[in-house]
Amino acid sequence: MKPAPFQYHAPRSLQEAVAILAQVAPADGRVLAGGQSLVPIMAFRLARPSHLVDINGIEALARLAVENGKLCIGACVRHAAFERPVVEGPLGRLLAMVVRHIAHSPIRARGTFCGSIAHADPASEWCALVAALDGEIVATSVRGARVIAAGQFFAGIMATALAEDEVLTEVRLPLLAPDTRCGFYEFNRRAGDFALAMAVVHFRLVEGRMFKPRVAIGGAETHPRRVAAAEAALAANAPSPRVFADAAARAARDVEPLEDAQTNAQYRRELVVAVTRRALEAAL
Amino acid sequence: MTQRAAIVLNLNGVDHAISVEPRRTLADAIRDDCGLTGTHIGCEHGVCGACTIIVAGEAVRSCLMFAVQADGKRIRTVEGLADGEQLHPLQEAFIAHHALQCGFCTPGFLMLSLHALERDPDLGDEELLDLLASNLCRCTGYQNIVKAVRGAAAVMRAGVVR
Ligand SMILES: Cc1cc2nc3c(=O)[nH]c(=O)nc-3n(C[C@H](O)[C@H](O)[C@H](O)COP(=O)(O)OP(=O)(O)OC[C@H]3O[C@@H](n4cnc5c(N)ncnc54)[C@H](O)[C@@H]3O)c2cc1C
Ligand code: FES
Ligand code: FES
Numbered sequence: 001m002k003p004a005p006f007q008y009h010a011p012r013s014l015q016e017a018v019a020i021l022a023q024v025a026p027a028d029g030r031v032l033a034g035g036q037s038l039v040p041i042m043a044f045r046l047a048r049p050s051h052l053v054d055i056n057g058i059e060a061l062a063r064l065a066v067e068n069g070k071l072c073i074g075a076c077v078r079h080a081a082f083e084r085p086v087v088e089g090p091l092g093r094l095l096a097m098v099v100r101h102i103a104h105s106p107i108r109a110r111g112t113f114c115g116s117i118a119h120a121d122p123a124s125e126w127c128a129l130v131a132a133l134d135g136e137i138v139a140t141s142v143r144g145a146r147v148i149a150a151g152q153f154f155a156g157i158m159a160t161a162l163a164e165d166e167v168l169t170e171v172r173l174p175l176l177a178p179d180t181r182c183g184f185y186e187f188n189r190r191a192g193d194f195a196l197a198m199a200v201v202h203f204r205l206v207e208g209r210m211f212k213p214r215v216a217i218g219g220a221e222t223h224p225r226r227v228a229a230a231e232a233a234l235a236a237n238a239p240s241p242r243v244f245a246d247a248a249a250r251a252a253r254d255v256e257p258l259e260d261a262q263t264n265a266q267y268r269r270e271l272v273v274a275v276t277r278r279a280l281e282a283a284l
Numbered sequence: 001m002t003q004r005a006a007i008v009l010n011l012n013g014v015d016h017a018i019s020v021e022p023r024r025t026l027a028d029a030i031r032d033d034c035g036l037t038g039t040h041i042g043c044e045h046g047v048c049g050a051c052t053i054i055v056a057g058e059a060v061r062s063c064l065m066f067a068v069q070a071d072g073k074r075i076r077t078v079e080g081l082a083d084g085e086q087l088h089p090l091q092e093a094f095i096a097h098h099a100l101q102c103g104f105c106t107p108g109f110l111m112l113s114l115h116a117l118e119r120d121p122d123l124g125d126e127e128l129l130d131l132l133a134s135n136l137c138r139c140t141g142y143q144n145i146v147k148a149v150r151g152a153a154a155v156m157r158a159g160v161v162r
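Protein chains in written order, with our numbering: chain A, 1 to 284; chain B, 1 to 162.
Honestly, the hints are just simulated from the structure, not real lab data. The structure presented is a predicted model; accordingly, all values stated were derived computationally and were not measured. By construction, the Cβ of each residue, glycine as well, lies at the ideal position given by its N, Cα and C atoms. Hints are not guaranteed to be accurate.
[Unchecked claim] Quick list of the computed label-pair ranges, beta carbon to beta carbon:
id, chain 1, residue 1, chain 2, residue 2, range
1, B, L136, A, E164, 22 to 30 Å
2, A, R204, B, T37, 51 to 59 Å
3, B, Q86, A, P174, 29 to 37 Å
4, A, A145, B, C102, 46 to 54 Å
5, B, H98, A, A159, 31 to 39 Å
6, B, H98, A, L205, 48 to 56 Å
Produce the complete structure using the sequences and hints provided.
Structure follows, in C-alpha cells:
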C-alpha cells in the first residue's frame with residue numbers, strides 16, 4: 001500500500017517538462033497532475049513509474065481562457081474550478097452540472113480536467129463530455145504540439161492517442177450557442193462512485209425541431225463516444241417521449257457493453273436506455 | 001541510490017524540517033516524520049477521507065499527495081483546531097451531538113467541515129450532505145455528524161469563530 005520508489009522532477013516551465021519527459025518516458029516516466037488517479041494505482045503497485053514529472057508548478061498550464069470561440073482548459077485546471085460556471089451560457093452551466101458527479105470535494109480540489117482526459121477511465125464524466133462536444137486535445141512534446149480530435153483520441157480502457165513523451169497541455173471545448181439545450185444523467189450505486197453508465201446530450205431547437213443533436217455514452221463501453229444511431233433518431237424531429245425512447249433504444253443496441261461480476265451486458269444495455277432518455281428529458 | 005529531498009512542512013504554523021523519499025505520502029510524513037498522529041490513515045487510496053487536511057487553503061486527501069509537493073506550503077491538521085484547552089466549536093459540537101464513536105474518522109470529518117464552513121458558514125442542507133458524503137464513517141450512521149456540523153455552523157455564524 002506504499003508507492004514504489006521513483007525519481008521526482010518538478011519543472012517550472014513546459015519546455016523543461018517535455019525535455020525531462022522525453023528522457024524518462026522510455027523508463028516508464030510519467031506526468032503527475034492532480035495525482036487523484038495515479039497515486040492510488042501507485043499505492044496498489046499497479047503502476048511503478050521510475051520517474052514522475054510533476055507539472056503542478058508550471059504556471060502557464062493553469063490557464064482557463066476563451067479563445068476563438070473555444071474554452072481552453074490548461075493541464076493544471078482543477079475539477080473544482082468548474083463548480084461555478086466558468087463561461088456564460090450553456091457550456092458553463094453544463095460543466096457545472098457535470099462536475100458535481102465527479103468524486104468528492106477534496107478530490108475535486110486536486111484532480112485536473114486534463115488529467116481525467118489523459119487517464120481515460122471508461123467512466124470518466126469529463127471524457128464523455130469531451131466526446132459529446134467534439135473537443136480538441138492538445139499534446140505537446142519536444143517534437144512540437146499537435147491537436148487531436150476527441151473522436152480520434154480515446155482508444156480503449158485507459159488508452160489514448162497520447163504518446164508516452166507527450167504532455168496533454170490543453171483541452172479546447174467549443175462554446176455552445178445560447179439556445180443550446182444540454183442534458184446529463186449518470187447511474188451509480190453510491191454518490192461519488194464511478195458511474196455504470198452515463199449520457200451527455202445536446203441539441204438546438206430550430207422551429208421546434210432538434211438540430212445537430214449529439215449523444216455521447218460513457219461508462220458502458222471501453223471508452224466514451226458519440227453514438228451516431230441515436231443522434232440520427234433525434235435529428236430534424238420534434239422532441240417527444242416517443243422520439244427520445246427510440247433514440248435511447250438505438251443507443252443501447254449500438255453499444256458493446258463492458259461486463260463485470262455485478263454488471264452483465266443486458267443490465268448495462270438497460271442502463272444505457274435509462275440514462276439516455278433521462279439526459280434527453282433533462283435537456284428539454 | 002534512493003533520492004531524498006530536504007523539505008519543510010509548515011504544520012499549524014510550526015516549521016518541520018525533514019528529509020524524505022519522493023514516494024513518501026504527505027500523510028505518512030506528517031505522522032511519522034513530524035510526529036503529528038492526529039491525521040489518520042485508513043485506505044491509502046483516496047476513498048475513506050480519514051487523512052483529510054487543509055493544504056494551502058484547500059481540503060485535500062493527504063494520502064494522495066507526496067510530501068515533496070507540500071514543501072513550504074501552509075498545512076492545517078486537527079492538532080491546530082483547539083486553542084490550548086479551548087476546543088473549537090466544531091470539536092465541541094461533535095462531542096455534544098455524539099458525532100463519534102471509535103473516533104477514527106473524526107479528524108478527517110473535522111478538517112473537511114472546517115474548510116467548508118470557513119469558506120461558507122451558510123452551507124445549505126443539500127450541500128452539507130454532499131460534502132459529508134466525501135468521507136466514510138463505520139460507526140455513527142452519519143446522522144449525528146450532520147447534526148454536529150449544522151450545530152457548529154450556527155455557532156460559527158454567530159461569530160464565535162476564533
Ligand atoms: C475516491 C475517488 C473517486 C473518484 N471518482 C471519480 C469519478 O466519479 N469520476 C471521474 O471521472 N474521476 C473520479 N476520480 C478520479 C479523478 O477524477 C482524477 O482526478 C482523474 O481521473 C485524474 O486526474 P489527475 O489530475 O488527478 O491525474 P493524475 O492522477 O495525476 O494522472 C492520471 C494519469 O494521467 C496521466 N496524466 C495526467 N495529466 C496528464 C497530462 N497533462 N499529460 C499527460 N499525461 C497526464 C498521468 O501520467 C497518469 O497516468 C476519483 C478518484 C478518487 C480517488
Ligand atoms: S487514507 Fe486517505 S482517503 Fe483513506
Ligand atoms: S466514529 Fe468510528 S469510523 Fe466514524
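Practice item. Of all the hints given earlier, name the ones this structure violates by number, lowest first. Key: Violated hints (numbers, rising): 1, 3 and 5; every other hint is consistent with the structure.
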